[in-house]
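Go by the hints and put chains B, C and D onto chain A.
As you go down the protein sequences, you meet chains A, B, C and D in turn.
All letters in the first sequence, in the order written, are residues 1 to 157 by the numbering used here.
All letters in the second sequence, in the order written, are residues 1 to 157 by the numbering used here.
All letters in the third sequence, in the order written, are residues 1 to 157 by the numbering used here.
All letters in the fourth sequence, in the order written, are residues 1 to 157 by the numbering used here.
FYI, nobody ran anything at the bench for these hints, they're computed from the structure.
Fair warning: there could be bad hints in the mix.
You can't tell identical chains apart in this list, so a pair holds if it fits in one copy or across any two.
[What the hints assert, rightly or not] Calculated cross-link-like contacts (lysine-lysine; reagent style DSBU-like; alpha-carbon spacing at most 30 Å):
no.	residue 1	residue 2
1	Lys115	Lys82
2	Lys101	Lys49
3	Lys5	Lys115
4	Lys96	Lys115
5	Lys115	Lys131
6	Lys131	Lys101
7	Lys99	Lys49
8	Lys5	Lys49
9	Lys131	Lys5
10	Lys115	Lys101
11	Lys5	Lys99
12	Lys96	Lys82
Protein chains: 4
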Amino acid sequence: MPFNKAAQNPNFEAVVRDSFARQPFMEHVGARMTAIEPGICEISLDHDKALTQQHGFFHGGLVGSLIDSAAGYAAFSLYPEKSTVLTVDMKVNFLKPAKGKLLSARAEVVRGDGKIYHLKGDAFCMEGETKTHCATGVFTMMCFLGMDDAPNLGRES
Amino acid sequence: MPFNKAAQNPNFEAVVRDSFARQPFMEHVGARMTAIEPGICEISLDHDKALTQQHGFFHGGLVGSLIDSAAGYAAFSLYPEKSTVLTVDMKVNFLKPAKGKLLSARAEVVRGDGKIYHLKGDAFCMEGETKTHCATGVFTMMCFLGMDDAPNLGRES
Amino acid sequence: MPFNKAAQNPNFEAVVRDSFARQPFMEHVGARMTAIEPGICEISLDHDKALTQQHGFFHGGLVGSLIDSAAGYAAFSLYPEKSTVLTVDMKVNFLKPAKGKLLSARAEVVRGDGKIYHLKGDAFCMEGETKTHCATGVFTMMCFLGMDDAPNLGRES
Amino acid sequence: MPFNKAAQNPNFEAVVRDSFARQPFMEHVGARMTAIEPGICEISLDHDKALTQQHGFFHGGLVGSLIDSAAGYAAFSLYPEKSTVLTVDMKVNFLKPAKGKLLSARAEVVRGDGKIYHLKGDAFCMEGETKTHCATGVFTMMCFLGMDDAPNLGRES
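Chain A on its own, in the form it takes in the complex:
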């Protein structure tokens, strides 16, 4: 009964990692893709003062942003070739302050068809042996067919 997560594109990992590498904002916050399999993605980043809010915790917007990115790439991993992904909506509940050395967001496709993919995602903070579940959410992603994820760099010049 759980949704059968099968990749349509055998090169899904290369496609997803290439797209992630073309997101300057993910680089700007020091995020790296720490896991990718069909329908599942994990993105993590280390604590840095530049990423915090007024109490020294990871900024909530950043936490939501990281789960959203993990959700987008979890969905994208199941898409066919020649397609791209767009977030339709994101919903995040904040459970605990995001306090720790490492922030990790993990998302998973709950169900998806040609156009619409539904995902759940969570964020965790790690500090030594302590793992804190700091946020949980639900996301909707769209699959755009016939549109390349990579911009045509030649044309842009």
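Showing chains B, C and D alone in chain A's frame:
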């Protein structure tokens, strides 16, 4: 019938701007508070390649993050002294790609009582004369009484 | 800059009202469509003990349900012929107890294109001269093309 | 690391079932509480034409309503005595048409403290051997202390 947005703290603007200035993540993305009045807040930032996703638009997570921050400070502007704000949940629908020179997020308290504040928020992109409504959302904020928004820096040393 | 709500189907009102009339659940709760124009819909119902929760107010789930229906038909009013509507997701914040003689839900399209429509919706309670804003939300609707909203009753027999 | 769901009120089951029995709307739709344990609740109902939308499936608003009720009672099961529960917000994604003989909603507390409880909830349809996961969502509930869940019937007369 609309919610009467009256500030309980006469120094609300100084309190809000001070808190915002203590959020390193907002500085990291180049955000500035462009409007603050009781129950309303606007935060804006200029386009920078470091803030984009793979198609060159503002990253969706950043857009959500900016509205969330505006919502948090719109709520905080109505709080009494000796309190702080925490996002309970954020929900953002993405309407259009966030394409433009300037990204501006504006949020407004819909209703609030002692503990729970409900807000709506929107993000707009400006490019020359063109203003694009790129995201809309609903947010829930909590008011923590008896807890200072500013960390006790002396103790942290 | 606000989204231009133009009906593609000149018979939108008849189509929407016909679909609403084929929803037994709306009849079961005594709901009636009190306004319909391109991109906007209002659905209302009178207080009845059968519709309440333990404190005698309208049940929160019913309030959410009514806004969701108004949102669905607000979107549907903008769809082309030979299409049907499905809720992708609903998000409702509850602002005040839904106390009153009349419950009224009103939704409006914020933006929509071929497939995905984004809406905002609100619920109000009326008791004498008092109008209470009891809930607010954001909704995503899908437009299914080439699928009739009315079931082919002949084929089903 | 998962949230430890321990009931504070040893009579939680009686309290929850009593509250549910005082919700006329749940009776109006034929809902029954099919499981209750600390932090978990399941509510189910049988197919009835009165509960459907235009395609003969369970009405989406009803599906959302049922998960919301399950979420409310899952949270309430963890509350101390002399308290009541209120939904702060509900977010439901619709995965598949709710087609079946039986509709069952199940919710679980993800985390909760004195005031705010975060829950996840799902709805399933059963038809013979087929179980369809038709909706998933995230909910926020508030715990009101010092307020009885049961109205004082004597005073109301």
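Any of the earlier hints contradicted here, and which numbers?
-> Violated: hint 8 alone.
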